[in-house]
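Protein sequences, first through last, are from chains A and B.
For the first sequence, the working numbering assigns the number 1 to the initial residue and increments by one for each residue that follows.
For the second sequence, the working numbering assigns the number 1001 to the initial residue and increments by one for each residue that follows.
By construction, these hints were calculated from the structure, which means they are not laboratory data.
Treat each hint with caution, since some may be false.
[Stated by the list, open to error] Restricting the straight-line Cα-Cα distance to at most 27 Å, the calculated cross-link-like pairs of lysine-lysine (BS3-like) are:
{"no.": "1", "chain 1": "A", "residue 1": "K433", "chain 2": "A", "residue 2": "K709"}
{"no.": "2", "chain 1": "A", "residue 1": "K221", "chain 2": "A", "residue 2": "K591"}
{"no.": "3", "chain 1": "B", "residue 1": "K1370", "chain 2": "A", "residue 2": "K182"}
{"no.": "4", "chain 1": "B", "residue 1": "K1290", "chain 2": "A", "residue 2": "K208"}
{"no.": "5", "chain 1": "A", "residue 1": "K208", "chain 2": "B", "residue 2": "K1370"}
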Amino acid sequence: MKHSLLHYYREKQKQSEVENVYETQCPFCSMQCKKKVIEQSFVTRKQYKTEGVDNPVTKGRLCMKGMNAYAHAVHEDRLMHPVRKQPDGSWKEVSWEEALELVRDQFQTLQKQHGTDSIGVYGSASITNEESYLLGKLARVALKTKYIDYNGRFCMSSAATASKAVLGIDRGLTNALADIPKAEVLLLSGTNIASCQPVMMPYLEEAKANGAFIIVIDPRKTETAAIADLHLAVTPGRDAALTNALLASLERQGLVNEAFVKERTEGWDELQAHLQTISLKETADYAGVNVQDIEDAVRIFAGADTGMVLTARGVEQQTDGHMAVRNLLNLVLLTGKIGREGCGYGAVTGQGNGQGGREHGQKADQLPGYRMIDNPEDRKHIAEFWGIPEPELPGRGVSAYEMLEKVKDREIRAMLLVCSNPVVSNPNASFIKDSLQTLDFFVAVDLFISESAQYADLILPAASYLEDEGTMTNLEGRVTLREASKKPPGSSKPDWKIICELAEALGAGAHFPFRSAEDVFNELRHASRGGAADYYGMTYERIRREEGLFWPCPALDHPGTPRLFAEGFARPEGRALLTAVESEAAQTTSKPTETYPLLLTTGRVMAHYLTGVQTRRSTKLAARLYESFIELHPATAEAYAIAEGDLVDVTSEAGAIIVRAQLTPDIRRDTVFVPFHWAEHQNVNKLIPGKLDPVSRMPGYKSTPVTIKRHEPALQPAQT
Amino acid sequence: MNREKLVVIGNGMAGMHTVENILARDPDRFEIHVYGREPYANYNRIMLSSLLQGTSEEQDIIIHEEAWYEKHHIHFHKQEEVVQLDPANRLLYTAEGAEDSFDKAVFATGSDPFILPLPGTDFPSVIPFRTIDDCRYMIRRAVSAKDAVVIGGGLLGLEAARGLLHQGMNVHVVHLAESVMERQLDQLAAGLLQEELEQLGITFHMQCETASFTGTDDVEAVHFKDGRSIAADLVVMAVGIRPNTAAAAASGVACQRGIVVNRELQTNAPGIYAVGECAEIDGVTYGLVKPAYEQAEVLAANLCGETSSYADSILYTQLKAVGIDVFSAGRIEAGPADQVLIHRDDTMGVYRKLILNRDRLEGAVLYGDKAGQQEVLTLIRSRKLMLPDEARSILAAESGAGAASMQAADTVCHCNSVSCGDITAAFCRSGADTVQAVKAHTGAASSCGGCRPLVAELVTLLNSGALQDDLPSDAFCSCTNLHTDAVAAEVMTMEAATPETVRKTLAFSNRNGCSYCRGALPYMLHLFKPEAGLIIETPYPAPASQDTVSFMPELPGGLVTPAQLKQFEQALEQFPHVSIQLTSEQRMLFTGIRQQEADTFKRCIGLAAEPTDYYRIRPVVTNGASGNHLSRELDQQLGRVPTPADVVVEISDRSLSASAQLSLTRSDAGWDIYLGSAEKQLFYTAHADVFSFICALVQYYRESAFYEEPIDSWASRIGFVPVREVLLDEENCRLLHARLQEAQQHMERSTV
């Protein structure tokens, strides 16, 4: 209340009595800013403030989310003890013994009746590496189920599969962020860094000050696009086509880096033949961008000595996301901009541990160290390491959304949900709700009774980030250590401890003898040894002292690897793979129809994070934006007789929502935008159909045909 | 510990900039000695031409007074010229015969003007243009002499010519080449420049070679090789400069055109360096201040134990001639592979040319209008890739919008909700005139850092004097110069304060107060100490006619019961001359009550009167049934509490009227709360307890608005986001509700 005179004078005298300082890292995005939360106790109440702490990545900067991230952790809605749902739908506190016994009885009974694969484990990209590793081990060793996947599936699986296929390794950035200011040109595609990773902006600003030319590809003129030299307002979902136009123009202008292509790639002949069949004009029209801009973009990108391509969900969360990313990798390779200073490709991860969360076995097809569960050698290695016979190690499961389909089909009967809110985050949200309700037994691990946890039979109270030590791998592939000194409230526990206790209850305690997060990390180090994401050379002590280490780091005296692919790619003969990509994906869900003539795209706003369960509980963040909205062009609004501030019905094949209109000329006329941080009638994911990318199994969040209409109040004046 | 002894040979700009940078980095590292052959402290040589042109005074061009040397414990050897070093024995010798030792030495000897080896150069009035003494001589000579001849039509020559013209002389410029400033300007720009100077009265002799100077005691004529001669009382030789390498060469330090150094500015002799115009790097010597300064920074860093290396400077030129704007940078003439953009407007005397090569800017000539020169330099230096559009916008010299177009309420820092107005206030009230200071005062740019460039731009603008008009006056009222905060601080500490005692203690100029503080002081006193009751200093509104009064009974929510109607009917039967009106606020107003019967009449009506003598929440206007309950609650809870200004509240199912400042309407999203009268802005949508939200809003308004500031203006001034931040916090709400209740209880007690 800095503006209130009265408040100021009345509060002035009251001095802080106790002060506790908690060293930590922001729980939100993939920058993993170091900070400290300071708790001050006054006579009647506690006050919190946050200060940034210097670190090599963000130099002590914090965005508004980070400044206010304590709010949910100290919120009065936090669960203090396990709660079990009563027949009347109310919640009753139970002891941990009772809770664990219930899980054991339910899981074992169901597995006896329906087989070991009748349990699904649904993880998160917000938990630590230690917990990701343990959750994978819990599923495979203690539950012996093949069904495990995580919400990171929606984060960057397209970029992950594409990088794996093309470069041989999937690491968010192939280089350190420190390379960005050294790039002469930056191509940012479908990534709104200004709103999603505000503390990364200074890297772009510095690049710009050094003279970098910035190209932004986005249907909207976002805050990020505002600093661009060239903005290509692509039609949502047409990224593969736009890139084809760029590549065709590159080839025609004679700007391909032939030496690089010859020495370090394969597949150029096929790709070149494909590019020669492309009509630049038609493809550009289809992508919604004019030819001159495409030619300029290519000439500048290829003409620069150094350059980087960064992508995010705009390109990746499409039903052709995998191929769309591969096409942009074609551009990186054809111009030879990788493996050198100021060069590289990066998928700007959204979630705090989006990177580490997918490296250690939380994903349906993965084992620790970024090993693959289908690979016999990898299987053998991990089975031996875990001390189980190889045949007992389950095989490949299915992706997060598909797991919920299997729930609906009654193939999966029980679910363990950790730190995730699928009801709000999945496409086809109404289906997800139904699906969760068909479960015979559902246990959630959460801080709150979230929109998803409310359907659970049992909720186990987890520790918040302030109370949960562990490593987090940031978007660069830098492993950082999040310290935690606060005691979890009530009987809540860190996720790793909960996982160990579940394993113990399930009779697999011998495989989970951990006394601390560091114990878990030491096992993870050995498990990852020799894998692609090799953490063996890292210890807590080293990570602390060296302020983070880049994987692979295969030995205790290895300095880590900030820049990948300086020598060769992690593929046969060290060659990266060029691939011809079709402009129009096999699945053409994103084409507007007569009934649904507009294209909806979704995204974040600066004040909120993911499904908003945490940020909506922060008063300062809620104050910035307390409800969702639909962004539309004034001309579009006029055509639909919608005015600024009107409530709007937005309808797609999958569902309908009501949000408030915000008019802006900074969006294509055929496109509307709704952020995804709200639930219920504002939950934009109700509109997203459940179709998935064939390779990455990524839903197509970013281009859905919709129609809009001014909302007619259903409400009748109350009778008094 | 013995400090290393650093000797700087030369007291010019490069040498002293090196010293400044050393002092900034590590002030105690060296014992510094400076040798200078001129009898002056450090001055700005490039400003000599403005001295000659009369646009600056001698004191303006002094960079460091002698006191500066003393303050920083620099041993200043004025008018002592070092002629030789003995690198092996670390000794130096001066022309004056002194000897001194050193650990490290820096040659910053600059250049000497090049004097053509012609007959007659030893006349006293044949001089170069290099030092303050040369400049003084010209100014003195101009008093009595008539004809000045400048040999050389380069940058320095033209500046001298322009200066001598200013001094009232008849000026001739003799130049060997076809066009003036041929190294810095293309032919077209050179032609325009020459034309402009000719119009000012300078005569040019182009492609003309000087042969000799003649005269008796002093120069009288200049003779050209083609046989022509012109009269001359003063000859200024400006045909170029030569790096001053004499002392270095005598010391055995490697010299070519200049003193040879590597990119760390080291000569071939260990511990001996050279910087500025005397230094030669990769075969290049520079005769401009910018490269000299850049080298000085590199050298200072290296001397202080860091490692820094000099990258080539971008060469640019700016003619300092009154009324003429000429700037050039990089390459001047385009090659076949270049793209050239030209903007030419002869009517305005403007010619601007940019040279692009493979999407990068490599050269520029800006004549007649130098706008965009900073951008040009940045673009050339950074080798930024650019599209022709960007080049076009530089040609069109569009100044960037950015900070200049910001309004006071516009948010600069989204992380910390700092507006442009907050930064302006910090600048004006707290003297925050750097980005660091603004950061410390307002918190702007202290979080993610994304707004830092904008803050920097704003600070620059504010320092230039712009934007400050937006700031509201500081004073509480016309009776005092004190700010509201200062008055509040006093009121808080005073025991049993009244408006009179406050005015007396704070020495208000008008002891009876003005129309503003007669309302504002009682309001503030009540806000801080509600238990003392509200003092009414100013009747509000002014009483109507003397004979009769009117009476508006409190009807919360505008709701009337049948029993109340019956009672009104009975009262009116008793007082038939009283009439009843329905007001625009949906309340009943009884008028025409005679003074003497007023109390009896009110007793008959049986209801308390609406307060009339201070600002408060006006009776809530309700349209449609869904708001009835809410408006009754609001009237009951808030109706009697004083507010900074009247607040008109309306609850409506239908469209909103322009008279209300606070409007509530029920939608499918919840209760939409709008602020503003004609232009309504959605402030918040409340789902649960809208009543408690409005109470908190009103109390926060009561506590933080200026007196007579309407609620919508207040919210816009503070910003919707910061207000919501307070109201959405449960703890804050509890405090606000408690304080509102306190105020409300005391109002009831005091009005009963």
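Structure-based check of each hint:
no.	hint	result
1	A/K433 with A/K709	26 Å, holds
2	A/K221 with A/K591	22 Å, holds
3	B/K1370 with A/K182	30 Å, violated
4	B/K1290 with A/K208	23 Å, holds
5	A/K208 with B/K1370	23 Å, holds
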